[in-house]
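J.: Here are the chains, one letter per residue:
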Amino acid sequence: MDYRDSHEERAFRARFRAWLAENNPGLPASSTDDAYWQRQAEWHTALYRAGFFGLSWPKRYGGHELPTVFDVILDEEVARASAPPRPSLGYLVQGLTRHANDIIKDRFLPGLISGQERWCQGFSEPDAGSDLAALRTTAILDGDEYVIDGHKIWTSYSDVADWCFLLARTDATVAKHKGLTAFAVPMNQAAIEQRPLKMINGITTEFGQVMFDGARVPAANMLGDPGEGWRVAMTIVSHEREPGELGYQARYAKTVKELEKKVAAAPESFRNDVRESVAWAYVQTEMLRLHVCRRLSERLDGVDHGPGGSIDKLLMTWTEQSVGAAAVAVAGSSAITDSENVELKTYLYSRAQSVMGGTSQIQKNIIAGRILGMA
Amino acid sequence: MDTRDTPEQAELRRSARQLAANLGVRSVGDLDDLDRRARLAAAITDAGWLELRDDSGDGSPLASAVEAAIVADALANAVADAAFLGPLLAKDLARRAGLELPVATTLAFNPRLDGPGTATGSATSATAEAVYAVDARGAAEALVLIDEGKGLHLGSITLGSLAETDRGNDLTRAVLTIPTGTAVRPLAGSGEISSADLVQLQALGLALTCADLVGGMRGVIDVSVEYVKERRQYGVAVGSFQAVQHLLAEAHVLMEGSLSVSLHAAWAVDALEPSAALVAARIAKTYCARAARTINETAVQVHGGIGNTWECIVHVYLRRALLSSLLFGDDAAQLNALADDRLGVH
Ligand SMILES: Cc1cc2nc3c(=O)[nH]c(=O)nc-3n(C[C@H](O)[C@H](O)[C@H](O)COP(=O)(O)OP(=O)(O)OC[C@H]3O[C@@H](n4cnc5c(N)ncnc54)[C@H](O)[C@@H]3O)c2cc1C
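Chains U and L supply the protein sequences, listed in that same order.
If you count by this note's numbering, then the first sequence holds residues 1 to 375, one letter each, in order.
If you count by this note's numbering, then the second sequence holds residues 1 to 346, one letter each, in order.
Isolated chain L (complex conformation):
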């Protein structure tokens, strides 16, 4: 056992953090800087990070979930407002179906956001249930699973005009509402998506959303610690008050625990049997989603009044954490699944 980064992983971590620090979001005003956003998206593409889960030639992905988690953590740390998770997961799913995706594609989720969106139909035509295209910025299409009654295959929805609709409440990642009945184009040559594929996809999705949560935790704690060292009341920095110190110390400890579970979950995706990987992922998501909620609420609190304004970057982190918590099932969903697994069904 050696849970440290390999030298290559350490280098990826360093460069991903550097890129995110240079091109990520540091203030709410940055969100309107479309030029920066375009450069960020281009840099992610150029780095090849969207291809990490593409086919290496023998059906296995080019890189393990650990590398993908390293990037997810770094991007969330700087609340990066360019797509990563959605396109990466779409490509992971496409690889399982033996397909390549010719245009920028993200993944559509079901209404609870706890798994891929579905459509009903045949190999030639299908219509979607209500689904949400998550991380849709820059995407032309969103993948769904078509249930033909004899196994699951992949279909795609053209986002085109939908791109102008409601973009959701995570200010860094667009979530597009796709109404029931939207046409789905079955993807020619799609192999069947097995139940093991779906378990692995869920483990991957949970592990990567955990990495995203951890990166966000570190980011929002850094912002908060910096703020309380500057902000003065009673003639001293508010960070000198023990009540404030203890809130942030707890936040820091929760972040460390989250990192420990999330690294393991990412490793487990490709190293363990799908069912064991899913257990590792559920453990991580339960812990990380709970921790993220507490940490972000602490961040709002220690900012005082300014923390409750649109101006303050903290809600950008909080909103992102709320979406990442929900994707592939939140802490309550994972905890219940673990309880059913270990304690017998109620």
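So here's chain U without its partners, still in its complex pose:
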């Protein structure tokens, strides 16, 4: 057991730290400011060009084939420099890598990883959230194309996406989990309409609704086999639940640092419960960092966590929400009197963490059923 950097890890850390000192774009937090999203692509490209993105992914597609623990180092350095977190799209990479054929991988992975092509994930629908397999969007074969009709919602980054990782029903005659298929659908076509949704904290670039009205996708853009869609989706959501994949702890650490600075500047003006709330957010953020270290180390054995991702998702959620609670505590009355108050936005955004990627209740169902054997 050793938490210290190996020789290679130390060299990587130093190299990244030096680069970051020159190249930190100093963006506001993704959770509170549309400005982040306007410049996220730039940040993605900069990281990629400098060789700091896709660390654990295949070289063939633009990655570096490093052990996943290098992502922890990257996240730690990002947090240390209060730089923006790395774009989180590892779960899409995992979905493609695991399920798509070589032609698809060669076509799509390089653009996804380099940031040249941007993606959104079209799973949820107005009537299919937790019960995702109830989704009704259809894909019907017409020649060598599929025709898509349906309504997706909560689709993150749909406003800027070139491609949609779409889950649709291709066979209505079989059991609901078995009739689903995944596709890479080009977003830039007239039969797709994108309607942004304004989030609880006022930002407008987090997610939107996407209407498919006879949209077309080449049959060759199928991701996996016909009827494999549920398994593809489960690969994606299980990785979407892993903080090591997402790198969110860098965002939490950055917020905690800002809150600490604010309190430390005038310790006497904050009540003890506010101090405790900030210190607890720090404890949780450290817990999450160390938990990710443990998880990624376990992966060195090639252990695939399966339902364990639900544990990680809950730890990540509790961490983000403790940071949100600390933020609103530090803000005090200005959370309500100041219409631009950032802490309030942080707090409000944190409430979404127990919904996105599968709600906390669903994670607990999975843990009780598949880990504790209580179902």
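Treat the hints with caution; some may be incorrect.
[As the list claims (entries may be wrong)] Straight-line alpha carbon distances no greater than 16 Å define the calculated EDC-like cross-link-like pairs of lysine to aspartate or glutamate that follow:
id, chain 1, residue 1, chain 2, residue 2
1, U, 198, U, 159
2, U, 176, U, 117
3, U, 262, L, 341
4, U, 262, L, 340
5, U, 257, L, 46
6, U, 257, L, 54
Note that these hints are calculated values from the structure, not bench results.
Note that this is a predicted model, so its numbers are computed, not measured.
Since chain U is already given, all that's left is putting chain L with the ligand on it; use the hints.
T.: Chain L with the ligand in isolation, oriented as in the chain U frame:
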């Protein structure tokens, strides 16, 4: 970075769990089985676990805090009622003073239980403040720090007749009350205990009490999951109710988070500077003590009425967790210390 057990650590974990499963406490009735208890104590001694922090020859301990934490976790998992933590910490302190302890000795704590007990006096005679000998089962003596006005040295209290007094409320580890004014025997040749020594001892104590808490969490969750799968109401197992499932799922997640912080804290004791090790330990203790409280309360709840009886093993876990939480300072104490550290003193 590779946070996995080394092969030796994995083997120690396996054998410690095996031993604890064979000789630990599985029911409240087991606590009266003195023969079992004696075999457990003998097995711990024979395994050499009490010596893990003895001098390896160059002043450093024989084994790192990680190995000690592995054993602490395994013993707590089976609410083992034989001394480990107290004697181990006493030996760690003795090593720092350049001493060997000829008889079974545990550590005395101050009245808040958040650090070693103290005495005042000289190099030849001293008397204790009110202190508590923790984990005193089988111990003949308890160590205290003697403040001679010019540095701290070690002294020892003979427990002898005190062994018959109040043994405290953790049913697995005896806590003896030692009244103010009890004679303390200064230990000849005791080197000075520096403030860095005390910081390291506190980091070690916090890390090991976290390991103890985590082992207990896993134990009490296992007991509870097993119970709710058996217990039937409305014609079905109560574990099929989502409300019950969610309580235990949360407990399981809290245990996993606790494990992640506690492993790091144990590693930090010997690998990091004392002050950094203490921060790691404070983080772990804050998290683990809070989690342990919630998990044990969940365990009582999902047992229903039986969970509120002396009969049910759950309170054995809960009581042990309350003591481990307090030792070297509970979650509130650690959180306040972290806040002062990071936010400036109030
Ligand atoms: C910020 C954000 C970003 C998102 N991004 C995307 C995205 O990019 N792509 C995408 O496809 N989706 C995305 N989602 C959607 C997300 O996955 C769904 O919102 C989520 O799965 C819940 O579905 P729902 O909103 O329909 O809620 P519902 O399923 O209607 O749930 C309502 C409530 O009922 C509870 N509930 C439901 N079923 C059960 C059950 N079986 N047991 C116990 N409780 C239950 C839920 O926990 C919840 O509290 C995003 C959501 C958010 C908030």
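J.: Look at each hint and say if it fits the structure.
T.: Hints, verified against the model:
Simply put, residue 198 of chain U and residue 159 of chain U have alpha-carbon atoms about 12 Å apart, close enough for the 16 Å limit, and the pair holds. Proximity of residue 176 of chain U to residue 117 of chain U is assessed by CA-CA distance (about 31 Å); at most 16 Å being required, the pair is judged violated. Using a Cα cut-off of 16 Å, the hinted pair residue 262 of chain U and residue 341 of chain L holds, with the two alpha carbons roughly 14 Å apart. Straight-line distance between C-alpha atoms of residue 262 of chain U and residue 340 of chain L comes to about 14 Å, which keeps the hinted pair within the 16 Å bound.
The hinted pair formed by residue 257 of chain U and residue 46 of chain L fails the criterion: a straight-line CA distance of about 49 Å is larger than 16 Å. Restraint check for residue 257 of chain U and residue 54 of chain L: the C-alpha separation of about 40 Å exceeds 16 Å, so the hint is violated.
In summary, the numbered hints that this structure violates are 2, 5 and 6.
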